[in-house]
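Top to bottom, those sequences are chains R and A.
Per numbering that gives the first Met the number 0, residue 0 is the first one in the first sequence, and the count goes up by one each step.
Per numbering that gives the first Met the number 0, residue 0 is the first one in the second sequence, and the count goes up by one each step.
Heads up, some of the hints might be wrong.
As the list claims (entries may be wrong) - Only some residues are given here: those of chain R computed to face chain A with a beta carbon under 7 Å:
{"no.": "1", "residue": "140"}
{"no.": "2", "residue": "146"}
{"no.": "3", "residue": "157"}
Note that these hints are calculated values from the structure, not bench results.
Owing to the predicted nature of the structure, the values given are computational and were not obtained by experimental measurement.
Backbone N, C-alpha and C define an ideal beta-carbon position, used for all residues, glycine too.
Here is what each chain is made of, one letter per residue.
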Amino acid sequence: MIILQRRKDIPTYLTIAVPIISILITVLAGGIIFALLGYPPLDALYEFFIAPLSRPDQVGNLLVKACPLIIISTGLIFCFRANVWNIGAEGQLILGAMGAGWVALSFPEAESRFMIIAMAVMAMLAGALWGAIPGLLKVRFKTNEILVSLMLTYIAIFLVDWTVRSPWRDPLAFGFPLTKAYPDAGLIPVMSLPGIGRLGQLHWGVPVAFLVAICGWFYLTRSLGGYQIKLMGDAPRAGRFAGFHQGRVTMFVMMVSGALAGLAGMIEVSANIGMLQPQISFGYGFTAIIVAFLARLNPLAAIAAGLVVALAELGGDTAQISMRIPKVVTGIFNGILLFMLLAGETLTHYRIVWVGVTEKASINKTSIKKDEASHG
Amino acid sequence: MAEELLLAILLTSVPLILAATGELVAEKSGVLNLGVEGMMLMGAVAAFGVASLTGSPYLGILGGGLAGLLISLIFAVFVLGLATNQVATGLALTIFGTGLSGLIGAPLVGQSIDGLPSLIIPWISDIPMIGAFFRLDFLAYLSVILVGLTAYVLNYTQFGLVLRAVGINHDSAHALGYPVLRVRFMAVLFGGFMAGLGGGYLPLVLTPHWAEGMTSGRGWIALALVVFASWQPWRVTAGAILFGGITIMQLVGQARGWAVPSQFLSMLPYFATITVLVLISRGGRIQFGAPAHLGKNFLITR
Numbered sequence: 000m001i002i003l004q005r006r007k008d009i010p011t012y013l014t015i016a017v018p019i020i021s022i023l024i025t026v027l028a029g030g031i032i033f034a035l036l037g038y039p040p041l042d043a044l045y046e047f048f049i050a051p052l053s054r055p056d057q058v059g060n061l062l063v064k065a066c067p068l069i070i071i072s073t074g075l076i077f078c079f080r081a082n083v084w085n086i087g088a089e090g091q092l093i094l095g096a097m098g099a100g101w102v103a104l105s106f107p108e109a110e111s112r113f114m115i116i117a118m119a120v121m122a123m124l125a126g127a128l129w130g131a132i133p134g135l136l137k138v139r140f141k142t143n144e145i146l147v148s149l150m151l152t153y154i155a156i157f158l159v160d161w162t163v164r165s166p167w168r169d170p171l172a173f174g175f176p177l178t179k180a181y182p183d184a185g186l187i188p189v190m191s192l193p194g195i196g197r198l199g200q201l202h203w204g205v206p207v208a209f210l211v212a213i214c215g216w217f218y219l220t221r222s223l224g225g226y227q228i229k230l231m232g233d234a235p236r237a238g239r240f241a242g243f244h245q246g247r248v249t250m251f252v253m254m255v256s257g258a259l260a261g262l263a264g265m266i267e268v269s270a271n272i273g274m275l276q277p278q279i280s281f282g283y284g285f286t287a288i289i290v291a292f293l294a295r296l297n298p299l300a301a302i303a304a305g306l307v308v309a310l311a312e313l314g315g316d317t318a319q320i321s322m323r324i325p326k327v328v329t330g331i332f333n334g335i336l337l338f339m340l341l342a343g344e345t346l347t348h349y350r351i352v353w354v355g356v357t358e359k360a361s362i363n364k365t366s367i368k369k370d371e372a373s374h375g
Numbered sequence: 000m001a002e003e004l005l006l007a008i009l010l011t012s013v014p015l016i017l018a019a020t021g022e023l024v025a026e027k028s029g030v031l032n033l034g035v036e037g038m039m040l041m042g043a044v045a046a047f048g049v050a051s052l053t054g055s056p057y058l059g060i061l062g063g064g065l066a067g068l069l070i071s072l073i074f075a076v077f078v079l080g081l082a083t084n085q086v087a088t089g090l091a092l093t094i095f096g097t098g099l100s101g102l103i104g105a106p107l108v109g110q111s112i113d114g115l116p117s118l119i120i121p122w123i124s125d126i127p128m129i130g131a132f133f134r135l136d137f138l139a140y141l142s143v144i145l146v147g148l149t150a151y152v153l154n155y156t157q158f159g160l161v162l163r164a165v166g167i168n169h170d171s172a173h174a175l176g177y178p179v180l181r182v183r184f185m186a187v188l189f190g191g192f193m194a195g196l197g198g199g200y201l202p203l204v205l206t207p208h209w210a211e212g213m214t215s216g217r218g219w220i221a222l223a224l225v226v227f228a229s230w231q232p233w234r235v236t237a238g239a240i241l242f243g244g245i246t247i248m249q250l251v252g253q254a255r256g257w258a259v260p261s262q263f264l265s266m267l268p269y270f271a272t273i274t275v276l277v278l279i280s281r282g283g284r285i286q287f288g289a290p291a292h293l294g295k296n297f298l299i300t301r
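With these hints in hand, go ahead and build the complete structure from the sequences.
Structure representation (structure tokens):
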């Protein structure tokens with residue numbers, strides 16, 4: 000029979016090899032699925048992973064796609080490190096976009112450069128508030144944060160749908176569910192790089208995303224607060240003996256991740272859309288979960304991981320146009336990637352050993368205590 | 000009119016009953032599978048595809064169930080074989096299932112099938128109000144039988160006792176010589192089969208088309224329902240009918256032009272779920288029958 004044997008120490012090469020091998024297996028498995036369903040596999044893989052980068056301006060677009068993923072996953076890394084399962088970043092993103100939209104639409108004549116800062120602050124407040132709800136219910140009533148944050152996502156979707164169709168609808172939009180366009184001061188301009196000029200749709204939100212990831216990394220790895228988060232996630236009992244407050248950590252990570260998701264929502268709208276509409280996000284809140292895992296819960300690595308996942312997202316767009324494959328198909332790659340990363344996590348910590356029947360008697364059994372995610 | 004409404008509520012609740020009952024069994028054995036939405040979508044696309052190819056909605060039922068079972072196999076291998084994090088693996092399953100069902104279903108968009116016919120039971124179905132319960136289709140009747148069977152096996156058989164023991168404390172169950180992983184494996188596959196049936200009900204009865212993401216969050220509501228019902232099969236059924244009622248009420252409200260915007264009515268099931276989650280969480284989890292080792296992995300190691 001096959002058993003798993005805990006490794007005494009984890010070889011460094013494995014921590015680097017696991018994400019890379021996971022990506023390779025994902026591409027391979029995705030190709031096989033396309034072949035089985037009668038799509039030319041090489042063409043499909045080309046459309047998903049190479050065609051998006053065939054033009055230099057597409058590099059800019061890749062960065063633009065990665066921008067919300069990097070910001071949101073940095074926030075989620077705070078949560079996941081603390082063993083708090085916020086999977087409602089999508090809803091927090093929407094609330095953030097609405098908060099920023101409220102500022103932009105309230106001051107249509109604004110020309111001040113502080114406008115964009117006010118919008119970012121409002122977006123982060125709204126996102127943090129939406130993230131605080133599952134946090135508060137978890138701390139106060141031990142309510143499962145997975146289900147509550149997810150239910151709040153659906154509520155957020157209906158909420159933004161209502162606002163753009165009723166109170167905030169532009170009367171001149173010919174009945175389309177759109178708000179008025181934001182004033183110029185509420186838009187994030189396209190970047191102009193020295194010597195190159197514009198690179199696709201590359202905008203000023205992208206450097207903000209990099210900054211967020213770097214700050215997040217610094218906080219989590221170089222501060223007492225970051226240590227507290229990790230301790231509460233890995234060994235809550237020890238943390239309590241050390242005098243740390245579990246409830247406070249939970250609230251903090253939920254609000255940080257909500258605020259960052261809200262910021263991502265504001266950047267998405269101000270840089271790419273310029274007004275509110277029923278659909279703001281394309282599942283970035285969920286995709287960012289995969290980015291967080293691909294980055295092995297390290298915000299710096301989330302920059303690279305965000306770019307990898309954004310490539311598949313961008314590929315989904317090109318494949319939809321050129322091969323008429325629905326956009327959701329990107330989920331196949333995302334799903335397999337997450338499966339592989341999780342398996343890799345186990346194989347990093349354990350060695351697979353085959354033991355004969357005679358040895359069976361000497362096998363101990365233990366349960367993994369670190370996977371403590373449960374209802375209620 | 001009231002009877003038509005009752006019938007509509009019952010039909011809406013069937014996918015929830017099926018998926019939630021399956022998830023309940025998996026959770027009772029200690030496995031939290033967040034992939035219900037993905038398994039339901041796979042069931043829906045398979046049921047529609049099989050019914051469309053063979054022209055038989057009954058074969059569609061089988062196709063839906065088997066598709067759900069097959070995709071839950073992936074989850075079982077990762078969570079039970081490799082002891083991966085259950086929450087993240089379940090999310091991966093939902094993301095994967097949403098994508099794969101979209102790819103499989105792409106050529107099916109725009110097609111239409113003959114759904115499952117209503118099997119009207121003579122005499123009884125003419126009774127006012129109660130008659131609505133006897134004008135359902137094969138899969139709806141089957142769902143009631145499956146709930147009854149699940150309740151019986153869980154509460155009155157030795158296998159059910161072992162399954163619950165595994166969910167309460169897998170170390171003790173293992174020490175007593177029960178095959179923890181094998182029991183959980185069967186529970187997860189049963190959950191997949193039931194979610195597949197529930198997903199299949201959507202194209203086979205509710206709307207005779209395939210649309211990507213057509214479960215629209217029902218998988219997540221099913222997950223919430225298990226908690227709502229405090230892990231009791233018959234309460235799952237009652238809860239599903241309640242949720243079906245809220246959904247239908249919102250449609251009625253839209254049709255009659257109630258002053259409340261439709262989006263707010265659409266939010267109701269999600270609000271209700273949160274409220275219930277808070278209410279049952281307050282009372283502490285043990286008396287609500289929550290399996291103590293839910294979400295924790297068991298691993299043979301040395």
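Status of each hint after checking the structure:
{"no.": "1", "hint": "140", "in the structure": "4 Å, holds"}
{"no.": "2", "hint": "146", "in the structure": "5 Å, holds"}
{"no.": "3", "hint": "157", "in the structure": "4 Å, holds"}
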